[in-house]
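Note that the protein sequences, when read in sequence, are chains P and D.
Note that this note's numbering numbers the first sequence so that position 97 is 97, with each residue one more than the last.
Note that this note's numbering numbers the second sequence so that position 22 is 135, with each residue one more than the last.
Simulated from the structure, these hints should not be mistaken for laboratory data.
Glycine included, C-beta positions come from ideal geometry on N, C-alpha and C.
Be aware that one or more of the hints could be misleading.
[To be verified] In the DSS-like style, the derived pairs of lysine-lysine whose C-alpha atoms are separated by at most 27 Å in a straight line are:
(1) D/K122 <-> P/K105
(2) P/K22 <-> D/K157
(3) D/K157 <-> D/K122
(4) D/K127 <-> P/K58
(5) D/K157 <-> P/K42
(6) P/K105 <-> P/K68
(7) P/K68 <-> P/K57
(8) D/K157 <-> D/K127
(9) D/K157 <-> P/K68
(10) P/K58 <-> P/K71
(11) P/K71 <-> P/K57
(12) P/K58 <-> D/K170
(13) P/K105 <-> P/K58
(14) P/K105 <-> P/K57
(15) P/K57 <-> P/K22
(16) D/K122 <-> P/K42
(17) P/K22 <-> P/K58
(18) P/K71 <-> D/K127
(19) P/K71 <-> P/K105
(20) D/K127 <-> P/K68
(21) P/K42 <-> P/K68
(22) P/K57 <-> D/K127
[Claimed, not checked] Which chain D residues face chain P? A few, computed with CB under 10 Å, are given here:
(23) T137
(24) Y144
(25) D169
(26) E172
(27) N175
(28) L221
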Amino acid sequence: GENVEQHPSTLSVQEGDSAVIKCTYSDSASNYFPWYKQELGKRPQLIIDIRSNVGEKKDQRIAVTLNKTAKHFSLHITETQPEDSAVYFCAALTGGGADGLTFGKGTHLIIQP
Amino acid sequence: NAGVTQTPKFRILKIGQSMTLQCTQDMNHNYMYWYRQDPGMGLKLIYYSVGAGITDKGEVPNGYNVSRSTTEDFPLRLELAAPSQTSVYFCASSRGENTIYFGEGSWLTVV
């Protein structure tokens, strides 16, 4: 089955700086890569996603890049703000989605004032 | 439009007891999932269903059972609860190759 590795497990950045979280996946058949943000005690919320036929996608301060050859994808957050503090999960979906998403173990992003 | 609704939100069980976590969605999604999330960890798939009457095991199915009698409902049954089943449980649904939407979660403690 699919295996998703996520790094780092904790990331502390100064407010206003950029943050980058990286993930690798093992199954070359995976074709959908979402990123979820989870605040303490809340459900995971989708913040951005990318499909395997696209190399990069942006949404305001958030961007995701995908390198299919290397089987890795990254989340980039620019101009970080205190409300960006949360746990971020990457995930990969293989085939038609029947097996569900395979998640990374998460990155705890801390924004220092 | 409520999305994915799961109940109860919090529950304390004694070892050996059984219970059912309820999940319903009103988005007419064919695919439904149950995940568990242990403290400081990612989400692991327990069971999934691609439509009414069809269910299959995920990564961590032991100690759980599911049924899917309708498109809307996907209950998760815990038989003979064990401390290792203390976790947060999330139900989710999707149309397949699209966004997966999560319920608000159910916090379960087995003592």
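* Keeping to a limit of 27 Å between CA atoms, is the pair of P/K105 and P/K58 held or broken? -> It holds: about 23 Å lies between the C-alpha atoms, which stays within 27 Å.
Taking only the CA atoms, is the gap from D/K157 to P/K42 under or equal to 27 Å? Roughly 17 Å between the alpha carbons, so the hint for D/K157 and P/K42 holds.
Given D/N175 as an interface hint, is the shortest Cβ-Cβ distance to chain P below 10 Å? violated, 16 Å
Run the distance test for P/K105 versus P/K68: straight-line Cα separation, threshold 27 Å.
Within the cut-off at roughly 21 Å; holds.
Given the hinted pair P/K71 and P/K105, is their Cα-Cα distance within 27 Å? holds, 17 Å
message = For P/K42 and P/K68, compute the direct alpha-carbon distance and say whether it is at most 27 Å.
response = violated, 31 Å
Problem set entry | Restraint check for P/K57 with P/K22, where alpha carbons must lie at most 27 Å apart | holds, 15 Å
27 Å limit on alpha-carbon distance, applied to hinted pair D/K122 and P/K42 = Within the cut-off at roughly 11 Å; holds.
Are the Cα positions of D/K127 and P/K58 separated by 27 Å at most?
With a Cα-Cα distance of about 48 Å, the restraint between D/K127 and P/K58 is violated, given a limit of 27 Å.
Problem - Pairwise hint evaluation, P/K68 against D/K157, where the allowed Cα distance is 27 Å at most - result: holds, 24 Å
For this session: Take a quick look at whether D/K157 and D/K127 sit within 27 Å of each other, Cα to Cα.
Result: The given pair, whose Cα atoms are some 23 Å apart, holds under the 27 Å limit.
- Message: Please verify whether P/K22 and P/K58 have alpha carbons no more than 27 Å apart.
- Response: holds, 16 Å
Consistency note: the structure conflicts with the earlier hints numbered 4, 12, 18, 20, 21, 22, 23, 27 and 28.
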